[in-house]
Amino acid sequence: MEKYLYIALFAPLVSSLFSALFTATPKKQFVGIVASFLIFSAFVSSYILLGHIMDGGEPIHVEMMTWMATGNLYIPFGFVVDQISVTMMMVVTLVSTIVHIYSIGYMDHDKGFNRFFAWLSAFVFSMMILVMSDNYAGLFIGWEGVGLCSWGLIGFWFHKDIATWAANEAFIMNRIADLGMLIGLFLVYWNTGTLQYEGAFAAFAQLDTATLTWIGIFLFIGAMGKSAQFPLHTWLADAMEGPTPVSALIHAATMVTAGVYLVIRSNELYSLIPHVGLFIASLGAFVALFAASMALVNRDMKRIIAYSTLSQLGYMFAAAGLGAYWVALFHLMAHAFFKALLFLGAGNVMHAMHDELDPFKMGGLKKVMKWTWIMMTIASLALAGIFPFAGFFSKDTILEAAFAEHHMVIYGVLLFTAGLTAFYSFRLVALIFHGEERYKIFGIHPHEAYRFMLIAMSPLLILAMIAGVFQAPFFEMVEEILGAAEYHIHSHVTLWIMLVGTQIFVGLAILYAYKKYGTWSSVPDGSSKMENSFIYKLLYNQYYIPYAYEEYIVKPYNEISEILWTKVDQKIVDASVDGIAGFFYSAGENTRDMQSGNLSTMLKWMVAGIIILLSLAVVFGLAARYSGEIMAILSGLGV
Amino acid sequence: MLDHILSILIFFPALAGILGFMIDKKSIRAYGIAVGFVEFALSLWLWFAFDSNVSGMQFMENLPLIPSFGINYILGVDGISLFIIILAAFFTMIGIASLTKTKNEKNMIITLLFLQMTMIGVFSALDAIVFYVFWELSLVPMLYIIGAWGGPLRIYASIKFFLYTFAGSLVMLVGMLFMAYFFYQATGTWSFAILDWYRLILPESFQLWLFVAFFFGFAIKVPMFPFHTWLPYAHGQAPTIGSVILAAILLKMGTYAFIRFSLPLFPDASVFFMVPIAVIAIIMIIYTAMVAYAQKDVKQVVAYSSVSHMGVIILGTFALNVEGISGSVFLMIGHGVVSGALFLLVGVIYDRRHTKLMSEFGGLAHVMPRYATIFGIMLMASVGMPLTINFVGEFLSLLGFYEQSHILTLLAGIAIIVGAIYMLSAYKKMFFGNITKDENRELKDVNKRELLALIPLSIITIWLGIYPKPILEPINNSVEAVVQLMHNKSTTVEAKERIPNVSGIVISKTSTREAH
Amino acid sequence: MFEAVAFYLFAFLTIAMFFITVTTSQALYALSALAAGMIFISGFFFILGADFLGAVQIIVYTGAVMALYAFGMMFFDTTREVKEKKGNKFIVVGLATLSAVLVVAIFAAPMLSSNVLALYPAIEGAGNTQSVGLVLFTKYLIPFEVAAIMLLVAMVAGIVLAGKKMDLSLTLLNAEEIEQMDAEINKKVLS
Amino acid sequence: MEIGLNHYLILSTILFAIGLVGVMRRKNLLLLFFATEILLNSVNIAFAAISHYYGDLTGQMFAFFVIAIAASEVAVGLGLLIVWYKRHGTIDLESMTSMRG
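These protein sequence lines map, in sequence, to chains V, P, G and D.
Residue numbering for the first sequence follows this note's numbering, beginning at 1 and increasing consecutively.
Residue numbering for the second sequence follows this note's numbering, beginning at 1 and increasing consecutively.
Residue numbering for the third sequence follows this note's numbering, beginning at 1 and increasing consecutively.
Residue numbering for the fourth sequence follows this note's numbering, beginning at 1 and increasing consecutively.
Note that these hints are calculated values from the structure, not bench results.
For every residue, glycine included, the Cβ atom is placed at its ideal position computed from N, Cα and C.
Treat the hints with care, since some could be wrong.
Claimed, not checked - Derived BS3-like pairs (lysine-lysine); straight-line CA-CA distance at most 27 angstroms:
1. K469(P) <-> K101(P)
2. K448(P) <-> K160(V)
3. K428(P) <-> K496(P)
4. K160(V) <-> K3(V)
5. K27(D) <-> K86(D)
6. K111(V) <-> K25(P)
7. K160(V) <-> K366(V)
8. K111(V) <-> K469(P)
9. K101(P) <-> K555(V)
10. K571(V) <-> K101(P)
11. K160(V) <-> K429(P)
12. K160(V) <-> K25(P)
13. K567(V) <-> K428(P)
14. K567(V) <-> K555(V)
15. K86(D) <-> K555(V)
16. K428(P) <-> K111(V)
17. K160(V) <-> K444(P)
18. K555(V) <-> K448(P)
19. K101(P) <-> K28(V)
20. K428(P) <-> K27(V)
21. K27(V) <-> K25(P)
22. K428(P) <-> K3(V)
23. K188(G) <-> K86(D)
24. K86(D) <-> K139(G)
25. K106(P) <-> K437(P)
26. K188(G) <-> K27(D)
27. K111(V) <-> K489(P)
28. K103(P) <-> K160(V)
Stated by the list, open to error - Heads up, incomplete: computed chain V residues facing chain D, CB under 10 angstroms, no partners named:
29. I444
30. K516
31. L599
32. S600
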């Protein structure tokens, strides 16, 4: 079995290095194919491992070599394949295989074709390390590696200034969270003596809740940065500057879910500190609502989907916070499938529209891009949580968990957000595919994507539809490690009412969206009353948070560093050093004119000398005379 | 031959330098590279013959110089100093190999060989006076390199560098003399051997004063916060090779001396001064990082970044436990490699465009892809990405210091954020965006000679990031010996519990496989 | 009572004379004021009973030294206006008064003045000159001889220094020779 | 009202101060010599006064020797001055800066 573990882990690395060889050379078709094949082989080996774990196999544990070993610290390159990591491996490798194949078509006009695959495979490799590592340090390697690759991929089209700015912003914001994570790691090490998962979890039981709370908070800060939770969320919307396959893979399916994976992986820690769990759940619920509200009014197709990802992440954190770890993991898996599908569909539309992103400038694409329309509609249905599709099984279970745990506020917020989600996703679908062909005004003639790209997207489509089926076997597999509690609502009646109620609520929201945007004809140019209303402007500018960050963090930082350099470093520190040197020089200069040969000045200096001597004589005379009294005074002062 | 290898390592470059005068101008470069290569081979042999399980000094040499005052020529190398010696030899070889066309190249190469002698001398000397002699001698060749081949303000920069460091080391000399006098008072015999001094237990009040005296000498060399203003001038004006050697090796003398002198000789004073020095280190980290962000000249950015990294090294050193100190020693080597490479990279672009202003560059990635990738690797190493050499050092230093105080480490941790900010913004200004200046349009990518220096450095950065064990193991053993010595020597209670009793910790090397 | 009046009279006059010597710009006034000052100082000596000293003061000081100065002044043609240095008076006066105050502080203060003991008590009854002669030729014989030699040396030095080319008398030379000599001197000065 | 030793001492100090002023202000060397004469005389007064009030002749002895020295000093001083005058044509203080540095 170790063989498959190594294949799953190192196939992406091999593909990344292979395509890295060709970065400088122009586009090579086979680079894309070879990369996709290697990622596919990683997917196959993950599938085999899944099979092994599903039929009750022992989690495979492998230790390659020591990484750091000083004093009491011993960190090996250890990898483990257990229930949680095998699910994540499945999700990551499946989605990345599809995205690799998709991007062969999507990027075929791009000059940096080979470089793109190098970065993408490097991303998959660091994601695999993150997921499969058996200790927090290995997790941290993957954590930063993933941040690095997202920096490279967001800033892929580095001739665009916004893209590189967005890449830097993403990297720096992740680093802020990684600092919290690092402190969490130190806390774990110094309190438990090891960074290995088993050792740490075993030791957590004996620790007092105060340290545990601190560990929980700091690790969650790390998760917050990576999964773009509330204060550190602005980078996700800006990250849409990267190519769409990147957004599909990184900012929908894999990287952003790393935070959730961390919380799930350290479930034994968070189950010991329920109050931190509650905080995580409430923050998750808030972010869900917060992101959904912003998506309602946005006029950029990819940003709408990014906000929906943010909202769904909120759902996952809510579930994880409440202790329903397996539900969070299941929703993570299901969400990855239909969200990636949605993004790739958006990629097709973008290609057809020559990189036009504003849905209001499209419309009636149903006729031209039939398959993409079907796929995006089904994905949106799954996202909204309509019965047969994946979303229903994962999202509604979260609502059940919240209801069972008697957190009514969180339940209410999540329910309301479900409605919002349904509304904005179908607002998007309606604007793009239905209504009048507004794109004709701009003289664009769209065409359906390449056939093999659509075929590549088909597995996602199938999974989006049937993922619900896996809920039972998934639960039974994960139950033993995640201590999954089956959420029995006492009476079946309330369960049914709840389920049917949400279905109706969501259905109404969809119909309303279709009614409102189905037959949209004009391209709003900011003149209408609704667009100038306060709420619209507030939501459109993302509650002015990016503006606030720019104004109250970035600008002062620039000014302070400018001041520090010009004023402090040059004027104070440097000047003081030169000042000392200057002092000696000027002192020398003054005493020089003593020997200037001018007799009268010399005489004056002589008399001055006499006076000094005389005064010394007087002083010492007095001191000798009154030494008794003087000592008394001085000792009084405690000298 | 083996037991005199250190003396050979020191005086071979000096002899070769003298012979170099006879070599004619055209073949001086080949001669330089040959000498550098032989020196590097010798240092590799030293590493090969070095037994990493022994934590004490190896290859000791002892030759009485002034017996009446106990000043003898003692050399020795242990885990801490071994790798910096190898780094010095390596960088001199690479420096000479990648030397661009400079006027009177012969003198440059001979000065570099002398500089190498002094550098290796400092790191292998175990007698205070011999250490001091090499410490001062290392200033002289550097003075010439900056003064003769430097930029417009070179005279000011070189004199400032020389006088500043010299003033500090005079205070250090006074400290050494006092130390010898106390040793004489205590044991009745004069001795300047550091190993004898290790056995001397001083009362805390003496330790405090001596620590301050040594602190001045080392703080200026590191350079620590208030004394760092000579570095930007020195780097700004020094030629590429000068900056490389200055950043890679000379800055390490200060921190190495802290571990060799201040910590073991004055354990109580180190504990007493730990918090103030940590505060200075944090100021160093954040303040210089912000100043680096405000720079217009890319070489100044790298110069200030090395001050920021030295802050982390000082923090690691004053963590006073095995993880912290071995982390700081490792970061010394890591920073040496990374900042040396960064200065070489700056040199590459300087030779093409003869300007270091970032506003002059833009969109270089289009024109120089290989240069961009190597710079990217070094950027990531300097920012402290895992699987690069700096991460191991920074991680261990911060981890070590976390034991001493949580809040200060949190503040120091901001290093990784501000570090990312200034490095990424510099990278963005230089490499991303479209080519605005037309001189940039037909810039040639890195040529073979530059690659000869850069490829090995990148390989080391990645290799030591992934598998630091061969370097970390000897460092760990020697550091354990130092920490154990400090624990036994410390008199005050606070020092006893701050410095862990190393022998007490059984290194749980049992890998998890057996644990199952 | 008579003695007090004499003291204050002489004191005031001496200070006035010396003040004139120091501040006047006319060299002649300075010289004559100095001579007058010297006479009054010998007056003090007589008040203090040091008659021999007073006599010596008049003969040696006022007579010889003043005569020398008179010759010197004529020789250096400083009869004209003596330009004073502009330097700010404040430092000069300030330094002088400060030193004066310090000296007074030392003597006036009770510290030293109490423990001065007489080493050679004068024999009562004998005249001042007699006792001076007695002490001079018993205790201070060696310093006396040394002083004699010194005076001799001074005399010789004075003659040698000033004697060179004394035979050349300006008054006998006519105008051109004087110019020629001046030119020669200037040439030497400029070399 | 009795004239005490202090009166004389104060008088000699005043004269000494005047002498100092003279020494420092004068640019012409001859007048500077005058000032030194004042200094010496003021000291003589002090010597005489002390010897009188303590009935001891040492003071007067000193006074004698001071006068002797003063006389020889003037002799040599004027001689030098004459030589200087012959070479430089002036006895102004500013010209005497050859011993600079």
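Cross-check of the supplied hints:
no. : hint                : result
1   : K469(P) <-> K101(P) : 39 angstroms, violated
2   : K448(P) <-> K160(V) : 31 angstroms, violated
3   : K428(P) <-> K496(P) : 49 angstroms, violated
4   : K160(V) <-> K3(V)   : 43 angstroms, violated
5   : K27(D) <-> K86(D)   : 18 angstroms, holds
6   : K111(V) <-> K25(P)  : 47 angstroms, violated
7   : K160(V) <-> K366(V) : 32 angstroms, violated
8   : K111(V) <-> K469(P) : 41 angstroms, violated
9   : K101(P) <-> K555(V) : 43 angstroms, violated
10  : K571(V) <-> K101(P) : 37 angstroms, violated
11  : K160(V) <-> K429(P) : 12 angstroms, holds
12  : K160(V) <-> K25(P)  : 49 angstroms, violated
13  : K567(V) <-> K428(P) : 26 angstroms, holds
14  : K567(V) <-> K555(V) : 17 angstroms, holds
15  : K86(D) <-> K555(V)  : 80 angstroms, violated
16  : K428(P) <-> K111(V) : 20 angstroms, holds
17  : K160(V) <-> K444(P) : 23 angstroms, holds
18  : K555(V) <-> K448(P) : 42 angstroms, violated
19  : K101(P) <-> K28(V)  : 39 angstroms, violated
20  : K428(P) <-> K27(V)  : 25 angstroms, holds
21  : K27(V) <-> K25(P)   : 47 angstroms, violated
22  : K428(P) <-> K3(V)   : 41 angstroms, violated
23  : K188(G) <-> K86(D)  : 10 angstroms, holds
24  : K86(D) <-> K139(G)  : 44 angstroms, violated
25  : K106(P) <-> K437(P) : 36 angstroms, violated
26  : K188(G) <-> K27(D)  : 23 angstroms, holds
27  : K111(V) <-> K489(P) : 65 angstroms, violated
28  : K103(P) <-> K160(V) : 42 angstroms, violated
29  : I444                : 90 angstroms, violated
30  : K516                : 98 angstroms, violated
31  : L599                : 5 angstroms, holds
32  : S600                : 6 angstroms, holds
Hints 1, 2, 3, 4, 6, 7, 8, 9, 10, 12, 15, 18, 19, 21, 22, 24, 25, 27, 28, 29 and 30 from the list above are not met by this structure, while the remaining hints are.
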